[in-house]
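2 protein chains.
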Amino acid sequence: MMRSLARYLPILAWGRHYDRAALTNDLVAAVIVTIMLIPQSLAYALLAGLPPEAGIYASIAPILLYAVFGTSRALAVGPVAVVSLLTATAVGQVAEQGTAGYAAAALTLALLSGGFLVAMGVFRLGFLANFLSHPVIAGFITASGILIATSQVKHILGVEAGGHTLIEMVGALLSHLGQTNPITLAIGVAATGFLFWVRKGLKPLLRRIGAGPLLADIVTKAGPVAAVVVTTLAVWGFGLDQRGVSIVGEVPQALPPLTLPALAPDLIRQLAIPAILISIIGFVESISVAQTLAAKKRQRIDPNQELIGLGAANLGAAFTGGYPVTGGFARSVVNFDAGAETPAAGAFTAIGLAIAALALTPLVYYLPTATLAATIVVAVLSLVDFSILRKTWTYSRADFAAVAATILLTLTLGVETGVASGVILSIALHLYKTSRPHVAEVGLVPGTNHFRNIKRHEVQTVPHLLTLRVDESLYFVNARFLEDLIQDRVADNDALRHVVLMCSAVNEIDFSALESLEAINHRLTDLGIGLHLSEVKGPVMDRLKTTHFLDQLNGRVFLSQYDAWTALAKPADPARARQ
Amino acid sequence: MMRSLARYLPILAWGRHYDRAALTNDLVAAVIVTIMLIPQSLAYALLAGLPPEAGIYASIAPILLYAVFGTSRALAVGPVAVVSLLTATAVGQVAEQGTAGYAAAALTLALLSGGFLVAMGVFRLGFLANFLSHPVIAGFITASGILIATSQVKHILGVEAGGHTLIEMVGALLSHLGQTNPITLAIGVAATGFLFWVRKGLKPLLRRIGAGPLLADIVTKAGPVAAVVVTTLAVWGFGLDQRGVSIVGEVPQALPPLTLPALAPDLIRQLAIPAILISIIGFVESISVAQTLAAKKRQRIDPNQELIGLGAANLGAAFTGGYPVTGGFARSVVNFDAGAETPAAGAFTAIGLAIAALALTPLVYYLPTATLAATIVVAVLSLVDFSILRKTWTYSRADFAAVAATILLTLTLGVETGVASGVILSIALHLYKTSRPHVAEVGLVPGTNHFRNIKRHEVQTVPHLLTLRVDESLYFVNARFLEDLIQDRVADNDALRHVVLMCSAVNEIDFSALESLEAINHRLTDLGIGLHLSEVKGPVMDRLKTTHFLDQLNGRVFLSQYDAWTALAKPADPARARQ
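Protein sequences appear in the order of chains C and G. Residue 161 in our numbering sits at position 161 of the first sequence, and the numbers go up by one each step. Residue 199 in our numbering sits at position 199 of the second sequence, and the numbers go up by one each step.
Note that these hints are calculated values from the structure, not bench results. From a predicted model like this one, the values you see are computed outputs, not experimental measurements. Hints should not be assumed to be uniformly reliable.
What the hints assert, rightly or not - Below are the DSSO-like pairs computed for lysine-lysine, each with C-alpha atoms no more than 27 Å apart in a straight line: (1) C:K455 - C:K433; (2) C:K433 - G:K297; (3) C:K296 - C:K433; (4) C:K433 - G:K545; (5) G:K455 - G:K545; (6) G:K455 - G:K433; (7) G:K200 - G:K296; (8) C:K545 - G:K203; (9) G:K200 - C:K455; (10) C:K545 - G:K433; (11) C:K455 - C:K296; (12) G:K455 - G:K570; (13) C:K296 - C:K203.
To be verified - In silico negatives: residues of chain C with every beta carbon more than 10 Å from chain G: (14) F123; (15) A129; (16) F131; (17) V136; (18) V159; (19) R207; (20) R208; (21) A216; (22) Q253; (23) A294; (24) L358; (25) A359; (26) A404; (27) S473; (28) A479; (29) E483.
A virtual CB, placed ideally from N, CA and C, is assigned to each residue, including glycine.
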């Protein structure tokens, strides 16, 4: 009872063994992560087109709920860059930024996403995420990074500009270039430069002057906080908000409110597909991080329970003024490196953020949005990695085609079209490859009982026996290919008496392929040629036995290819063969 | 030069060896097929919603063009039942039956279909037809047979009734039942009963009274002609057309006219998808017939050249007053059985039909449409075969699901939705199956060097060595499955020192799977566990060698699983293993 309950409530498993040592480690990790999350949460809310507090609220209830339902010990859940971009795209199609309808639609999106994730978990549909291939994800993340960085340029210039695709955004930026606010630009460029330096130059510097690796890491992660403090003081001190510098402004000094997502049927219909997309992309990003961190400590991640954990987190976001969330890479790694041992670290982070929401929000009144934009730009440019193009080009043109299409279409037609095209193209290319399987004619390696491709090895063959090894499962997409192939091989070959299909790599024979085999058997019978099978796998043989095929087969089924050779390779009896 | 030209013009190959014997055989076959085709062509035109002469015209130019470009010696091209139904459905959506626009749209459909087939042939895309699995085709043909038979009931009752799905048609028939014309009904029922008897009872009777098999066959095939003659005479003799019996009426006494298909962009856009569907379904039907007949004489069919042949036939239909055509099963078998040796038989059939169009059309003036409907009903009910449901249920639930969905959706939502759903469902189920591949832990069969599933055989294993045989190609859809699986197997197993992946059934490793293998290798390295591969296939190994994976692999690649066992199964050195 307790065991099965613990499966759905992982907190019961780790909670019982929680001790003072774990508490200390979790508390330290929580402080570090909280400091890092304050500016990040404000920035991602800006990216999602929401008021800054939405980012903080989206980090409180979701973290607590994930701590109860999630299986990863170190995953930190909250707003992340790509999901924030997807939220802005989806909600921007149904409401105007800055309106109450926009915030309500973001809650609806979180609700739908949470419901979909929980449903996927309950029905154990986690495998659906696998349809996003690694190259498609890599291409999508790279293209998203470019889109996100471009979307922030307007904040750094201090202009109003819209657009969801790269072309739209660049066009809008160029047409507004004349309205650039020079002070905003100075703040934005300085902050960006500073943050880049923190990321690339500060850590080695600290290590050189003798700081320990953990200290160097913490100081580096606090870089955005320094940028926030300095630029906020500058705006306040010089009254720069009076000179056109856009600031964060009033942020409610309160705990997350209880909110009700909008539930108009029209809205739900419009947001359903984006919600599914956000769920799957968020899940894929989250599970890779969770698995990488779990493997380091020999812990297990249950993908279907993860869906429930992330779903609960999103439902929590929907009812507490947040927006869609998932497990983030950067924050989880920081959490793990800082020594978090259990999800309690997440709970303590949530408490830290709640205190920030209550006490610190007045302090960000003068924070310039250009600084937040700079933290986003620096964070997402690390996502941009075109090396996937080179790697896939060398390894497989099909994978390259999928990644190139994903990048190109995400940039030009938008995130939803881009990722959908990538998925469809990968499936189509996979089906195309299996539609023309590798088929090798094999012969006996002299002095052994192994059989190898006659084109790659010196092997023995006899003219009246043709042995084909089919390197693919036989199913409807390639069933006719096999028919054509055998017909071609048989048509001009009068010496042929036996065809053996070596099935060591045939993992499935579906009904279409069974009918093709029946047709092949029928045609070969008409021509006085025997059809034999060898090395048929257990599960495939079990299934063939439920049919009449084995009774109708004019030849035999051999356990090993060598048995087939022994029985069939001796010169055929000409009198018998002609009958 | 001549050889490569002959590839695109198969007539050059057989035409050079044409002799008197072949001529005689072809002429006999042509006479038999012509007699059979006259009523059939009129009937299928009725089914397609076109004037009767369209059926005859669609059998003349297309046959001649197929004789030049096609590769089958016996295939008879012309209107067939399923394609006529698809034509009626597609054209019915853009024009009203009986209008000039309807006939022009049917020409456009033939033009688009012909263009698409030729393009598929030129770009060698014949494999696309393979996405229609055998069960989906069988389900579609059965459902189409039911739809076609139901669509003819109105002609037998002598009422006006429309509808494209089974429910619509039955509803329309029921609401018009009161208007049934009793004389039409009598003719229709009598003709249907007679044709059923000819099909089931006449042939055995003729054989019993001593007729040879060929004669019995010819007489049986002439059954529809007898029904046509008798009912036409009855209508003429008793003036039944004055009493509400619908007749064929005026048919132009002329050779096929030169026609220009309508080319409005709107029309082309509306007909493009139906044209693709008709092309693929027609091609699949045609190629199965062609291949079955060619195999009996050890001849070859080139699927891509067949596309060009069928495409040319459809283009011919588009410019000579026809509508979409393909190779028909019944007529091709009759042609083959009657002794046709070359496509010249088809050309002679075309001449026969041209003579019929010139000389015989006045004779069908009084032919009741109920008789044509009866010939269609009897012909298509032989297509209805629900045994595919039982067969697939026994063999594979996935195939059963695809065929059941195809039948159900074709009947209830129409032909296009039905066949599209069947295709999508078969692909989805295939991907689902490969997403959770069969993975067997294997051990050594004592006294041999074979390895078998530990669950099916008595085999040797050692605790520090885990050997997994993956019975599927590794690609994005199942890459994470393997990661999860190995993580699960490793998490609780402290004795483990080596994991071997036996790859004899792995036909491909795509980029996603490569990255998964890298991740697995990385994680196992962290845990001090070796990752090894065995029996990697040549093409897979070639590709792995282009990457750094083999350098990073912490274990080895063994040519055979027995080599791996020999190297790794001896008790591990504990000192070394813990490092």
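message: Under the constraints set out in the numbered hints, which ones does this structure not fulfil?
response: The structure breaks hints 2, 3, 5, 8, 9, 11, 15, 16, 17, 23, 27, 28, 29; every other hint is satisfied.
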